[in-house]
Amino acid sequence: MWQEFVKQFITRKGYVNVLNGLAITVEIAILGLLIGIVIGTLIAIVRVMPKYKLLPRVLDKICGCYVELFRGTPMVVQLLIGYWVLLPALDVQVNSGVPVAVIVFGLNSGAYVSEIMRGGINSVDPGQMEAGRAVGLSYATTMMKIVVPQAVKNILPTLGNEFIVLIKETSVVSFIAVTDLYKSFKQLGDPTYNYTVPYLMLALTYLVMVLLISAGVRALETKLKKSEK
Amino acid sequence: MEKEMALNDVVLSIRGLKKQFGNLEVLHGIDLDIIDGEQIAIIGPSGCGKSTFLRCINCMEDPSAGTIIFDGENLADMKVDINVHRQKIGMVFQQFNLFNNLTVLENITLAPITVAKKKISRFDRKGLAQIKKDAEEKAYALLRRIGLEEKANVYPSTLSGGQKQRIAIVRALAMDPKVILFDEPTSALDPEMVGEVLDLMRSLADEGMTMVIVTHEMGFAREAADRILFIDEGVIKEEGTPAEVFDNPQHPRLKDFLSKVL
Chain P
32 MWQEFVKQFI TRKGYVNVLN GLAITVEIAI LGLLIGIVIG TLIAIVRVMP KYKLLPRVLD
92 KICGCYVELF RGTPMVVQLL IGYWVLLPAL DVQVNSGVPV AVIVFGLNSG AYVSEIMRGG
152 INSVDPGQME AGRAVGLSYA TTMMKIVVPQ AVKNILPTLG NEFIVLIKET SVVSFIAVTD
212 LYKSFKQLGD PTYNYTVPYL MLALTYLVMV LLISAGVRAL ETKLKKSEK
Chain X
2 MEKEMALNDV VLSIRGLKKQ FGNLEVLHGI DLDIIDGEQI AIIGPSGCGK STFLRCINCM
62 EDPSAGTIIF DGENLADMKV DINVHRQKIG MVFQQFNLFN NLTVLENITL APITVAKKKI
122 SRFDRKGLAQ IKKDAEEKAY ALLRRIGLEE KANVYPSTLS GGQKQRIAIV RALAMDPKVI
182 LFDEPTSALD PEMVGEVLDL MRSLADEGMT MVIVTHEMGF AREAADRILF IDEGVIKEEG
242 TPAEVFDNPQ HPRLKDFLSK VL
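Chains as they are written, first to last, in our numbering: chain P, 32 to 260; chain X, 2 to 263.
Any given hint could be a false lead.
List of simulated lysine-lysine pairs, BS3-like, C-alpha gap at most 30 Å [to be verified]:
no. : chain 1 : residue 1 : chain 2 : residue 2
1   : X       : LYS152    : P       : LYS184
2   : X       : LYS179    : P       : LYS176
3   : X       : LYS89     : X       : LYS238
4   : P       : LYS82     : X       : LYS118
5   : P       : LYS176    : X       : LYS133
6   : P       : LYS176    : X       : LYS120
7   : X       : LYS89     : P       : LYS84
8   : P       : LYS257    : X       : LYS134
9   : X       : LYS139    : P       : LYS257
10  : P       : LYS84     : X       : LYS19
11  : X       : LYS134    : X       : LYS80
12  : X       : LYS118    : P       : LYS184
13  : P       : LYS82     : X       : LYS152
14  : P       : LYS82     : X       : LYS89
15  : X       : LYS133    : P       : LYS184
Rather than coming from a laboratory, the hints here were simulated on the basis of the structure.
Only a predicted model underlies this, so the values are computations on that prediction, with no experimental measurement involved.
Please model the complete structure; the sequences and the hints are all you need to start from.
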């Protein structure tokens, strides 16, 4: 069993495949999270904005629908719709499902990040916004230079968690024909139909990645805390 | 008196200012002219609306009715670009509200740099560098004045309350305001730090900075202010020089208030 795996992995150069799969998994998770942070921050700002005028109220409703839509349907379904419904409908040709996966993961995590970020923004002392406005800075400037940086620091552990969730969830991208980490390990077992070692190794790889991310987030947190001392 | 001379010495002219929170009206119509170079202390019992009044002056709370004329414009008008005017109306808070994510120097230079940048092209790198240099020079000069030059590059979390509040005052000064509003600037301080903040405010007063101060420090109000306003139940119940208000109070509510705080 083990020898079979070694044979597939080393002698038949299965590791090249696995490394490619790993790269794709990481790429989708990282780009997805970055897009998610941008979208999530924008949505969060819209949602905490004062609602005196019509425009913020309309935007708030739209963002609310967006969040409910992406939180209310499974990621796999969103991927399937993106790849098999929207691409043909928009008549877009792609060589691989990776860009679709990145966009869908970005949109999906944007919905989750917006809620995390909203909590983060609300956790910042309202006096910070007041002080910014009192020296004549606009709402947007104060938000971006004062409130959001403090909010991000407050939510960093939760954001790390979102990254972990995201990297694990990428294991469904094979639904749209992307060879990610899961698919590349599966292919190692395909010739013999013996998946014991490949799947255990797959689990181990995810575990190691998640542990590394956790350690990274903790280190970043400590560094940020220190930087304001 | 020289201060009642000319109308164009009026920095801020407030008429019929009302403020409602829901159905509760906390300010019932306040008139006040703030004259260039004078120091006004606002006193009154808790919940009387004195802080709300102060916060209405620069529209941190939007007034429900009335006018606030500053620089020829009515700040209470929602169409006025309030940000431009707030640059010339400094504000100092009870809780200091220094920007926690910025160093002391950045706290002071953020607004001057942001405002100056708007006036030049984004691609004018030389101009941008000059703006930053000017703002930092000025910030250092202000920090030197309060003896905190060595704190320029630390974050606010490392400072004492008194240091924070003095830096908050300097942050307001960096914009060259025409008037500074103080919202109970010493109420959140440990007793031993009240003095250093009041000393700084006194020296500003001596230089002729126009100041409106909501305070519980009666001793300071008496000695540093030109005019005392006693606000109670959402109106100015009595106003006058410190001597008039403290030594010869007329209104029974003021007499009652002073008997409790003096």
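A quick look at each hint next to the structure:
For the suggested pair LYS152 of chain X and LYS184 of chain P, the alpha carbons sit about 23 Å apart, so the restraint of at most 30 Å is met. Taking the CA atoms of LYS179 of chain X and LYS176 of chain P, the gap is near 25 Å; set against the 30 Å cutoff, the hint holds. Of the supplied pair hints, the one linking LYS89 of chain X and LYS238 of chain X holds, its CA atoms being roughly 29 Å apart against a limit of 30 Å. Between the alpha carbons of LYS82 of chain P and LYS118 of chain X the distance comes to roughly 29 Å, so the proposed pair stays at or under 30 Å and holds.
Of the supplied pair hints, the one linking LYS176 of chain P and LYS133 of chain X holds, its CA atoms being roughly 16 Å apart against a limit of 30 Å. Proposed proximity of LYS176 of chain P and LYS120 of chain X is supported: the alpha carbons are some 19 Å apart, at most 30 Å. Taking the CA atoms of LYS89 of chain X and LYS84 of chain P, the gap is about 26 Å. The hint holds against a cut of 30 Å. Proposed proximity of LYS257 of chain P and LYS134 of chain X is supported: the alpha carbons are some 27 Å apart, at most 30 Å.
Between the alpha carbons of LYS139 of chain X and LYS257 of chain P the distance comes to roughly 28 Å, so the proposed pair stays at or under 30 Å and holds. Distance hint between LYS84 of chain P and LYS19 of chain X is fulfilled; the C-alpha atoms sit about 22 Å from each other, no more than 30 Å. Between LYS134 of chain X and LYS80 of chain X, the direct Cα distance comes to roughly 34 Å. Violation of the 30 Å bound is thereby established for this hinted pair. Taking the CA atoms of LYS118 of chain X and LYS184 of chain P, the gap is near 27 Å; set against the 30 Å cutoff, the hint holds.
For the hint pairing LYS82 of chain P with LYS152 of chain X, the CA-to-CA distance comes to about 39 Å; that exceeds 30 Å, so the pair is violated. Between LYS82 of chain P and LYS89 of chain X the CA atoms are separated by roughly 27 Å; this keeps the pair inside 30 Å, and the hint holds. Restraint check for LYS133 of chain X and LYS184 of chain P: the C-alpha separation of about 26 Å stays at or below 30 Å, so the hint holds.
Hint compliance for this structure: hints 11 and 13 are not met, and every other hint is.
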